[in-house]
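Listed in order, the protein sequences are those of chains A and B. Note that the working numbering has the first sequence beginning at 1, numbered continuously upward. Note that the working numbering has the second sequence beginning at 313, numbered continuously upward.
Please keep in mind that the hints were generated in silico from the structure rather than gathered at the bench. A hint or two may mislead.
Stated by the list, open to error - No more than 20 Å apart at the CA atoms, straight line, and that leaves these computed lysine to aspartate or glutamate pairs for DMTMM-like:
no.	chain 1	residue 1	chain 2	residue 2
1	A	LYS187	A	ASP176
2	A	LYS76	B	GLU352
3	A	LYS212	B	GLU352
4	B	LYS334	A	ASP176
5	B	LYS357	A	ASP176
6	A	LYS115	A	GLU253
7	A	LYS145	B	GLU382
8	A	LYS144	B	GLU382
9	B	LYS329	A	GLU122
10	B	LYS329	A	GLU253
11	B	LYS329	A	ASP58
12	A	LYS145	B	ASP377
13	A	LYS33	B	GLU382
14	A	LYS201	A	GLU122
Nothing here was measured: the structure is a model prediction, and the numbers come from that model.
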Amino acid sequence: MVYDLIIVGGGPAGVAAGIYAARKAIKTLLLTKDFGGQSVNSASIENFIGFKSISGVDFAKTLEEHLRAQEDIEIKDGVLVSKVEKVGGGFEISTAGGDKFQSKTVLITLGSGYKKLNVPGEKEFEGKGVFYCSICDAPLMKGKKAAVIGGGNSGLEAAFDLLPYAEKISILEFTDSLRGDPIYQEKLKKDPKVEIITKAKTVEIFGEAFVKGLKYVDLNTNQEKMLDVSGVFVAIGYKPNTDLVKDLVKLDEFGRIVVDHKTYQTSCPGLWAAGDITDGLYNQINPAMGDAIKAVLNVYDYLNKLITADDS
Amino acid sequence: MIKIYSTTHCPYCKMAKDYFTKNSVAFEEYNVENDEKALEEMVKKSGQMGVPVIDIDGVIVVGFDRHAIEHALGNSS
């Protein structure tokens, strides 16, 4: 059995692609670990068009239900893809469970994951005071001091997640000002529990069994300073999940897959990519879905050309 | 006996609970946000503070790790 299309990833882009592929009657298999991608980590999504506000978990459920309502698509969730290989004119995809699937085309919508600080102590104290999912672990900071690393939107969101719990929140930003949406900045600046430290480069996280503090360099003076905190919430952005295909396709300087922004084809013929994993400009749910849909429509045209070529 | 240590809004806790419910596996939930004794128990069992922590008959799974959960369930039944 050879599929026409295998979609790898079940975030907003993957699900949008799956729905369009099913409606175009493309023989499709969708492989994913779970649904919703990074959006599950949002307490409330307020910019997804058509929904005034929806929690990340409910959003993921809505996506999964819409996908499963399609008749002609095969879905395997709980699956980790371990390998994507070019075999003959098509592709072979292997899973961690030992299954292998063949397909004429592949669409990668694996999105991105949390970027790490890569400083001493970060790995050692992961889960022991170093956290990446603020909505999960902010409640553990009840009555404690916490630091948020990163002054972009995800950092400011982490600070909001901490507000009901932490006694004090220090936001450390590497540049000279916060970068998140002004509407968030204003609210946080007014809160007496929040301290904003700009031009701060985090260099170490330390503790014993659990985190006790961090060290940062004040880039104004180049002096090393200490901050006494029980929790460090790392929110410095995202890293594209390109490990699976990094040898097959061209990546840009940030490790994202380079695609043609009309067709979403990668440098590898037969392989498409869409969403946060690509070199698109804006990492947002709405455009990621639109990009993935355009990719699938282009896959559809490509498959039709294959058929015409076979017939002649 | 399955115990899930969770916090109120944690998406992976919700996914884990949904997973057990869907597969008709009974579990008890402990919200460590309001239950200090449960928090202490969770930290002691898992050696860390991140949620969810799932205790499947003594096998401790940190995070919603479906493979580890399935493995632990397979061994306990």
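Hint-by-hint comparison with the structure:
1. A threshold of 20 Å between alpha carbons decides the hint, and for LYS187/A with ASP176/A the separation of about 19 Å falls inside it, so the pair holds.
2. The suggested pairing of LYS76/A with GLU352/B is violated, with an alpha-carbon distance near 37 Å, which exceeds 20 Å.
3. The straight-line distance between the Cα atoms of LYS212/A and GLU352/B is roughly 18 Å, inside the 20 Å bound, and the hint therefore holds.
4. Proximity of LYS334/B to ASP176/A is assessed by CA-CA distance (about 49 Å); at most 20 Å being required, the pair is judged violated.
5. Between LYS357/B and ASP176/A the CA atoms are separated by roughly 42 Å; this puts the pair beyond 20 Å, and the hint is violated.
6. Taken as a hint, the LYS115/A and GLU253/A pair is honoured in the structure, with Cα atoms around 15 Å apart against an allowance of 20 Å.
7. At most 20 Å may separate the alpha-carbon atoms for a hinted pair to count; LYS145/A and GLU382/B exceed this at roughly 37 Å.
8. Taking the CA atoms of LYS144/A and GLU382/B, the gap is about 35 Å. The hint is violated against a cut of 20 Å.
9. With a C-alpha separation of about 29 Å, the suggested pair LYS329/B and GLU122/A falls outside the 20 Å cut-off, and the hint is violated.
10. Straight-line distance between C-alpha atoms of LYS329/B and GLU253/A comes to about 40 Å, which puts the hinted pair past the 20 Å bound.
11. The suggested pairing of LYS329/B with ASP58/A holds, with an alpha-carbon distance near 14 Å, which does not exceed 20 Å.
12. Distance check on the hinted pair: LYS145/A and ASP377/B sit about 29 Å apart at the alpha-carbon level, beyond 20 Å; violated.
13. With a CA separation close to 14 Å, the supplied pair LYS33/A and GLU382/B stays within the 20 Å bound.
14. Our distance criterion of 20 Å between C-alpha atoms is met by LYS201/A and GLU122/A, whose separation comes to about 14 Å.
Taken one by one, the earlier hints fail for this structure at numbers 2, 4, 5, 7, 8, 9, 10 and 12, listed in ascending order.
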